[in-house]
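Colleague: For the protein sequence lines, the chains are A and B, in the order given. In short: position in the first sequence from 1, add 1003, done, that's my numbering. In short: position in the second sequence from 1, add 24, done, that's my numbering.
Since the hints were made in silico from the structure, they are not lab data. Keep in mind that the hints are not guaranteed to be accurate.
[To be verified] Capping the alpha-carbon separation at 25 Å, the derived lysine-lysine pairs in BS3-like fashion look like this:
| id | chain 1 | residue 1 | chain 2 | residue 2 |
| --- | --- | --- | --- | --- |
| 1 | A | K1060 | B | K130 |
| 2 | B | K73 | B | K92 |
| 3 | A | K1060 | B | K93 |
| 4 | B | K93 | B | K73 |
| 5 | B | K93 | B | K82 |
| 6 | B | K130 | B | K82 |
This is what each chain is made of:
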Amino acid sequence: KAGVTQTPRYLIKTRGQQVTLSCSPISGHRSVSWYQQTPGQGLQFLFEYFSETQRNKGNFPGRFSGRQFSNSRSEMNVSTLELGDSALYLCASSGGTGGSYEQYFGPGTRLTVT
Amino acid sequence: AQSVTQLGSHVSVSEGALVLLRCNYSSSVPPYLFWYVQYPNQGLQLLLKYTTGATLVKGINGFEAEFKKSETSFHLTKPSAHMSDAAEYFCAVRPSYGNNRLAFGKGNQVVVIP
């Protein structure tokens, strides 16, 4: 099976712009989670989608949003970018929710805000 | 809420020596525990997981970890370090039921000295 794919891999944006990141989960996986990784804060949970519904949300401002499509692909959007949004954004998919399903991570999208 | 503590952001180990990375967790419900490894410019790769049953779990690349409920610990070990083990290692916890939200430790950057 193909792994989790994320596009684009690298992105440079200007403060105040908005950005959309895409994630394609492993075939058959219905849960997609997003994480932000920065040197200062480490890995932080953004949100999780399961069957097109947001199931859980981390402590991020409303500028961060996401959605999931019927084929389980997911996008996250960050509006009004700030310098502090520069980070590696990781997407993870799993076979379900609850249970012992482990999460499989994609390679990430490196976002730089200038 | 779940949280993870990993002490010592940088860990140096000689090639052939024991690798020991410590992880302590707090969880309000029975936890599932994970160790992930991250190589430069890559996503996270699952090393091993504890869900239920045997408390000593074996993973890939010769790593193993032991779940000790009384100590709320899940330390990662490898008997003999190899140069290819140089990477960043993250311990993570999530509730055994409910959502897929992972809480990560700050990570250990492992340097292997030849």
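Colleague: All hints, please: hold or fail.
Modeller: Now for the hints, and whether the structure bears them out:
Restraint check for A:K1060 and B:K130: the C-alpha separation of about 20 Å stays at or below 25 Å, so the hint holds. For the hint pairing B:K73 with B:K92, the CA-to-CA distance comes to about 13 Å; that is within 25 Å, so the pair holds. Among the hinted pairs, A:K1060 with B:K93 is inconsistent with the structure: their alpha-carbon atoms are about 28 Å apart, more than 25 Å. Simply put, B:K93 and B:K73 have alpha-carbon atoms about 15 Å apart, close enough for the 25 Å limit, and the pair holds.
Simply put, B:K93 and B:K82 have alpha-carbon atoms about 17 Å apart, close enough for the 25 Å limit, and the pair holds. Taking the CA atoms of B:K130 and B:K82, the gap is about 22 Å. The hint holds against a cut of 25 Å.
Of the numbered hints given earlier, the model fails hint 3 alone.
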